[in-house]
Amino acid sequence: AQSVTQLDSQVPVFEEAPVELRCNYSSSVSVYLFWYVQYPNQGLQLLLKYLSGSTLVKGINGFEAEFKKSETSFHLTKPSAHMSDAAEYFCAVRDDGGSQGNLIFGKGTKLSVKP
Amino acid sequence: EAGVVQSPRYKIIEKKQPVAFWCNPISGHNTLYWYLQNLGQGPELLIRYENEEAVDDSQLPKDRFSAERLKGVDSTLKIQPAELGDSAVYLCASSLAPGRSSGNTIYFGEGSWLTVV
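Read top to bottom, the protein sequences are chains F and C. By the working numbering, the letter at position 97 of the first sequence is numbered 97, and the numbering carries on one by one without gaps. By the working numbering, the letter at position 45 of the second sequence is numbered 1045, and the numbering carries on one by one without gaps.
If you're looking for bench data, these hints aren't it; they were derived computationally from the structure. A couple of the hints might just be wrong.
Computed beta-carbon distance windows for the label pairs [said to hold, decoys possible]:
(1) F:9 x C:1058: 46 to 52 Å
(2) C:1044 x F:110: 16 to 22 Å
(3) F:14 x C:1058: 43 to 49 Å
(4) F:110 x C:1016: 30 to 36 Å
(5) C:1078 x F:8: 34 to 40 Å
(6) F:77 x C:1076: 25 to 31 Å
(7) F:18 x C:1005: 35 to 41 Å
(8) F:53 x C:1044: 37 to 43 Å
Below, simulated DSBU-like cross-link-like pairs (lysine-lysine); rule was C-alpha separation at most 30 Å, straight line [stated by the list, open to error]:
(9) F:107 x C:1071
(10) F:49 x F:110
(11) C:1016 x F:49
(12) C:1015 x F:49
(13) C:1078 x C:1016
(14) F:69 x F:58
(15) F:49 x F:68
(16) F:58 x F:107
(17) F:49 x F:107
(18) F:110 x C:1016
(19) C:1011 x C:1078
(20) C:1015 x C:1062
(21) C:1078 x C:1062
(22) F:69 x F:114
(23) F:107 x C:1011
Yeah, the Cβ is synthetic: ideal placement off N, Cα and C, and Gly gets one too.
Chain C extracted, bound-state conformation (with noise of 0.2 Å):
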C-alpha cells in the first residue's frame, strides 16, 4: 500500500516568489495534516483537514499561507510571496477518520523541503 505522497521533494527559490506544494494522502484516510518542521525542532501544525473541511488551521499563517482540499483527498499548501524564514520542512500526513481503532495514528509523507535564497 502506498504511503503519504509528497512533491516536490525539494525546492529551491528567491525570496518573495511563490511555492507550493502537494500531497496525496494514504488511500482512505479522511484526515490530513500539514506540519512545519524548522531545523533542529519538532514538527508543528500548520493546518488539520477532515475529509474538505479545515477544522483546525489556527496555526496558518494566513496572510502568505494558504491550503485547500477541495475533493477531500490530495491537498495543496501555497505560500505566496515567500520569505527567508519560511525555509523548513513541510511535511504533509495523514490518518484514518476519527472513532476508528487505528485513527490514533498518524502516518506521514517523506517532506518537502524548502529553501528560500
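Looking at chain F on its own, in the form it has when it is part of the complex (with noise of 0.2 Å):
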C-alpha cells in the first residue's frame, strides 16, 4: 500500500530564508508525485506535480521540487520565502494506476513565515 510521510508537522523560517519541506513516500510501483497548498479557511491548490521526465519541477510562487527515486522522496524547496508563503503543504502520491488511481495525502507541513 502506498504511504506519504511529511517528516515535520512544522517549519519555521524568517522572511527570506530558504525553505525546504519534507516528503518521503513508499509505492511499489511507479508513482505520481503532487505538492498542494492550502491556506486558511480555503481548499488546496496545487503547487507543482511530477508525473514523467525531468525529475526537477518547477511551480507556482517560485517552488521547486526534485524527484528522487532512490531516496523515494519529493522534498519541496524556495530559495526565499515571503510572508505570503505561510499555509499548510501537502504531498501526496497517485500510483502507476495513473489516472485512475486515488490520491493519497501526508498530514501537512504547516510552514510559518517570520518577519
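Hints in hand, dock the two standalone chains.
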C-alpha cells in the first residue's frame, strides 16, 4: 500500500530564508507526485506535480521539487520565503494506475514565516 | 473558467441532525471525488465517481453517509444522523477522465466546513 510521510509537522523560517519541506513516499510501483498548498479557510491548490521526465519540477510562487527515486523523496524547496508563503503544504502520491488512482496525502507541514 | 464549486461553505448543526453538501465540478470533468479532512490532517478519500458510477466507496461510512451523482455532473454528500466526530472539512474535487494527459491533476473546491455541536 502506498503511503506518504511528511517528516515535519511545522517548519518556521525567517522571511527571505530558504525553505525545505520534506516528503517521502512508499510505493511498489511507479508513482505520480504532487504538492498542494492550503491557505487558512481555503481548499487545496496545486503547487506542482511530477508525472514523468525531468526530475526537477518547477511550480507556482517560486517553488520547486526534485523527484529522487533512489531516496523515495520529493522535497519541496524555495530559495527565499515570503510572508505570503505561510500556509499548510501537503505532499501526495498517486499510483501507476495513473489517472485511475486515488491521491494519498501526507499529514501536512505548516510553514510559518517570521519577519 | 469556474473551478470546483461547493456549498455551503460553513455549516453548524446539532448532533443527530442531517446535513447535506453539494458540489459542482469543473465543466467536462468526468471524475468527482469527496474527501474528508480532519483538523491537522491530510485529506482522505471518501468516494470517487466516474460519471455517475461510484467506482471507489470503500472508505465511506455507509451507516450514516451517502452520496449521489445522478446525472454524472454535480454531486451531493449526506450525513444522517451527524455525530460530534463528523466535525471536519468536506472537500470536493474533480479531474478529467482517465487516459487524458491532464487527467492526473485533481482540482479541489474550497471545502464545506462542518461543526457538529
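Evaluated hints:
| no. | hint | result |
| --- | --- | --- |
| 1 | F:9 x C:1058: 46 to 52 Å | violated, 28 Å |
| 2 | C:1044 x F:110: 16 to 22 Å | holds, 18 Å |
| 3 | F:14 x C:1058: 43 to 49 Å | holds, 44 Å |
| 4 | F:110 x C:1016: 30 to 36 Å | holds, 33 Å |
| 5 | C:1078 x F:8: 34 to 40 Å | holds, 37 Å |
| 6 | F:77 x C:1076: 25 to 31 Å | violated, 40 Å |
| 7 | F:18 x C:1005: 35 to 41 Å | holds, 37 Å |
| 8 | F:53 x C:1044: 37 to 43 Å | violated, 30 Å |
| 9 | F:107 x C:1071 | violated, 34 Å |
| 10 | F:49 x F:110 | holds, 19 Å |
| 11 | C:1016 x F:49 | violated, 41 Å |
| 12 | C:1015 x F:49 | violated, 40 Å |
| 13 | C:1078 x C:1016 | holds, 13 Å |
| 14 | F:69 x F:58 | holds, 17 Å |
| 15 | F:49 x F:68 | holds, 14 Å |
| 16 | F:58 x F:107 | holds, 22 Å |
| 17 | F:49 x F:107 | holds, 18 Å |
| 18 | F:110 x C:1016 | violated, 33 Å |
| 19 | C:1011 x C:1078 | holds, 13 Å |
| 20 | C:1015 x C:1062 | holds, 18 Å |
| 21 | C:1078 x C:1062 | holds, 10 Å |
| 22 | F:69 x F:114 | violated, 33 Å |
| 23 | F:107 x C:1011 | holds, 24 Å |
Hint violations for this structure: numbers 1, 6, 8, 9, 11, 12, 18 and 22, all remaining hints satisfied.
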